[in-house]
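Chains as they are written, first to last, in our numbering: chain U, 1 to 114; chain D, 115 to 226.
Mixed in with the good hints there might be a few duds.
Stated by the list, open to error - For lysine to aspartate or glutamate, the following EDC-like pairs were computed, each having C-alpha atoms within a straight-line distance of at most 20 angstroms:
| id | chain 1 | residue 1 | chain 2 | residue 2 |
| --- | --- | --- | --- | --- |
| 1 | U | Lys-44 | D | Glu-155 |
| 2 | U | Lys-44 | U | Glu-63 |
| 3 | D | Lys-150 | U | Glu-101 |
| 4 | D | Lys-150 | D | Glu-218 |
| 5 | D | Lys-208 | U | Asp-86 |
| 6 | D | Lys-208 | U | Glu-101 |
| 7 | U | Lys-44 | U | Asp-86 |
Said to hold, decoys possible - From chain D, some residues computed to sit far from chain U (all C-beta separations above 12 angstroms):
| id | residue |
| --- | --- |
| 8 | Gln-117 |
| 9 | Ser-134 |
| 10 | Leu-175 |
| 11 | Gln-178 |
| 12 | Lys-184 |
| 13 | Asn-189 |
| 14 | Ile-194 |
To be verified - A short, non-exhaustive set of chain D residues, derived as facing chain U with CB atoms under 7 angstroms:
| id | residue |
| --- | --- |
| 15 | Phe-126 |
| 16 | Glu-155 |
| 17 | Pro-157 |
| 18 | Phe-187 |
| 19 | Gly-199 |
| 20 | Gln-206 |
| 21 | Gly-211 |
| 22 | Glu-218 |
| 23 | Pro-226 |
Hint data in this document are derived by calculation from the structure and do not stem from the laboratory. Just so you know, these numbers come straight off a predicted model, no measurement behind them. The beta-carbon is built from N, C-alpha and C at its ideal position, and this holds for glycine as well.
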Amino acid sequence: NAGVMQNPRHLVRRRGQEARLRCSPMKGHSHVYWYRQLPEEGLKFMVYLQKENIIDESGMPKERFSAEFPKEGPSILRIQQVVRGDSAAYFCASSPDRFLEKLFFGSGTQLSVL
Amino acid sequence: GQQLNQSPQSMFIQEGEDVSMNCTSSSIFNTWLWYKQDPGEGPVLLIALYKAGELTSNGRLTAQFGITRKDSFLNISASIPSDVGIYFCAGQLKTSGSRLTFGEGTQLTVNP
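Extracted from the complex, chain U is given alone in its bound form (with noise of 0.2 angstroms):
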């Protein structure tokens, strides 16, 4: 049984460039979260969304920033005009219920804005 699976690992970006993020759950897995952290620091929560639904983006800056979770396929954290502020290490983490020890995390994206 597959881990969640990022990808890329490591995506470079120049300003002004669009980063289009991939995770695919574990499977049997509906539940998926986005986090993102910067270096030396926590997680910070992004957003919650089930199959085809996105359930608390509360922490989602409004602009620029977007996720999906289609039907079919892998959900994707989409950031358009990327700033080197955007620099980070972005997880994603899936679940098959709202249960949070069943929680997995997958090993991230980094993402390096030049």
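Using the hints provided, position chain D relative to the given structure of chain U.
For chain D alone, kept in the frame of chain U given last:
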């Protein structure tokens, strides 16, 4: 937003020593979780706590959910080199749904 104060920020210990770290908050949490993160990887769950006063062990790890619901501690006994990593507490507020609030982490270094 809600904040968890985790301490210490870093620890340098000798193999075989015991370790203790804690998290405090001004808010009441429904659930406390402790994670370990290795470099370049995502956090891995160590222990989950659900009830005030609950004391739970997982091998050499022991964690407790504070009586006030505003704090938790994690103890590691007889540390070994593979305990090296960053330990995070995370809490779920009653009003936050499935959203977790993470502490800033404790960087543990174990000298052989």
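So, going through the hints one by one against the coordinates:
1. U:Lys-44 to D:Glu-155: 16 angstroms, holds
2. U:Lys-44 to U:Glu-63: The given pair, whose Cα atoms are some 17 angstroms apart, holds under the 20 angstroms limit.
3. D:Lys-150 to U:Glu-101: 14 angstroms, holds
4. D:Lys-150 to D:Glu-218: 12 angstroms, holds
5. D:Lys-208 to U:Asp-86: 30 angstroms, violated
6. D:Lys-208 to U:Glu-101: Holds. D:Lys-208 to U:Glu-101 sits at ~16 angstroms (cutoff 20 angstroms).
7. U:Lys-44 to U:Asp-86: 13 angstroms, holds
8. Gln-117: 10 angstroms, violated
9. Ser-134: 19 angstroms, holds
10. Leu-175: Non-interface label stands for D:Leu-175: nearest chain U Cβ at 15 angstroms, farther than 12 angstroms.
11. Gln-178: Non-interface label stands for D:Gln-178: nearest chain U Cβ at 16 angstroms, farther than 12 angstroms.
12. Lys-184: Given that every Cβ of chain U is farther than 12 angstroms from that of D:Lys-184, nearest at about 17 angstroms, it holds.
13. Asn-189: 20 angstroms, holds
14. Ile-194: Holds, because the least Cβ-Cβ distance between D:Ile-194 and chain U comes to about 23 angstroms, which exceeds 12 angstroms.
15. Phe-126: Violated, about 16 angstroms.
16. Glu-155: Constraint on D:Glu-155 satisfied, holds at 5 angstroms.
17. Pro-157: 5 angstroms, holds
18. Phe-187: Result: violated, 17 angstroms to nearest chain U Cβ.
19. Gly-199: For D:Gly-199, the interface hint is violated, since the closest Cβ of chain U sits about 14 angstroms away, which is over 7 angstroms.
20. Gln-206: 6 angstroms, holds
21. Gly-211: Holds: closest Cβ of chain U sits about 6 angstroms from D:Gly-211, inside 7 angstroms.
22. Glu-218: Hint on D:Glu-218: holds, closest Cβ of chain U at ~5 angstroms, below 7 angstroms.
23. Pro-226: 25 angstroms, violated
Violated hints, in rising order: 5, 8, 15, 18, 19 and 23; the structure is consistent with all others.
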